[in-house]
Amino acid sequence: MPIPGDEQPKAGIRRFSNYGWFVVGVAVLYAGWMFFSRWQENRQIEQRLLEKQRAEAQRGFEIMGGNRFEILQFYASPGRIRRGETSQLCYGVSNAKTVRIEPPSAAVWPSLSRCFDVAPNKDTTYILTAVDAAGNTRSATVAVNVR
Numbered sequence: 001m002p003i004p005g006d007e008q009p010k011a012g013i014r015r016f017s018n019y020g021w022f023v024v025g026v027a028v029l030y031a032g033w034m035f036f037s038r039w040q041e042n043r044q045i046e047q048r049l050l051e052k053q054r055a056e057a058q059r060g061f062e063i064m065g066g067n068r069f070e071i072l073q074f075y076a077s078p079g080r081i082r083r084g085e086t087s088q089l090c091y092g093v094s095n096a097k098t099v100r101i102e103p104p105s106a107a108v109w110p111s112l113s114r115c116f117d118v119a120p121n122k123d124t125t126y127i128l129t130a131v132d133a134a135g136n137t138r139s140a141t142v143a144v145n146v147r
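The sequence shown begins at 1 in our numbering and counts up by one.
Derived from the structure by calculation, the hints contain no laboratory data. Since the model is a prediction, treat every value here as computed from it, not as a measurement. Even for Gly, the Cβ is constructed at its ideal location relative to N, Cα and C.
Straight-line alpha carbon distances no greater than 25 Å define the calculated DMTMM-like cross-link-like pairs of lysine to aspartate or glutamate that follow: (1) 52 <-> 41; (2) 122 <-> 85; (3) 97 <-> 132; (4) 97 <-> 70; (5) 97 <-> 117; (6) 97 <-> 62; (7) 122 <-> 102; (8) 52 <-> 62.
What follows is a list of derived Cβ distance ranges for each label pair: (9) 82 <-> 107: 23 to 33 Å; (10) 62 <-> 104: 24 to 34 Å; (11) 59 <-> 138: 20 to 30 Å; (12) 68 <-> 100: 17 to 27 Å; (13) 52 <-> 22: 40 to 50 Å; (14) 57 <-> 105: 28 to 38 Å; (15) 75 <-> 49: 35 to 45 Å; (16) 30 <-> 113: 52 to 62 Å; (17) 56 <-> 100: 25 to 35 Å.
When you get a sec, could you build the whole thing from the sequences and use the hints?
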């Protein structure tokens, strides 16, 4: 025979057990939603970062000449010197196969940015000629004045 005092605690435990599972279920759903939303947000941030890196890499590629064959720079610094002093002759080419400078002053090769010293005794005009793989040529000139 059941004792009347024993039934009440079991009913309370069952009621708590049913509500407890509901609360645990809601908590699990909330935690799952939080993990998913943060994962999704992190993924979006990573995608934006990758897009930014791609854009910066493309911009750098374009600055360096991209697929174009061209002389990026050719200058002398300083452009006016005294006899016996030196000036730096700087050049940069993109997609060139060979490079030469007239009059010859130093060994040259295709480079995005390269400088070397020159010490002319009189006013000299330097001519940079670049040739690509297809045989196309580009030329640029710069003068170094000697006082």
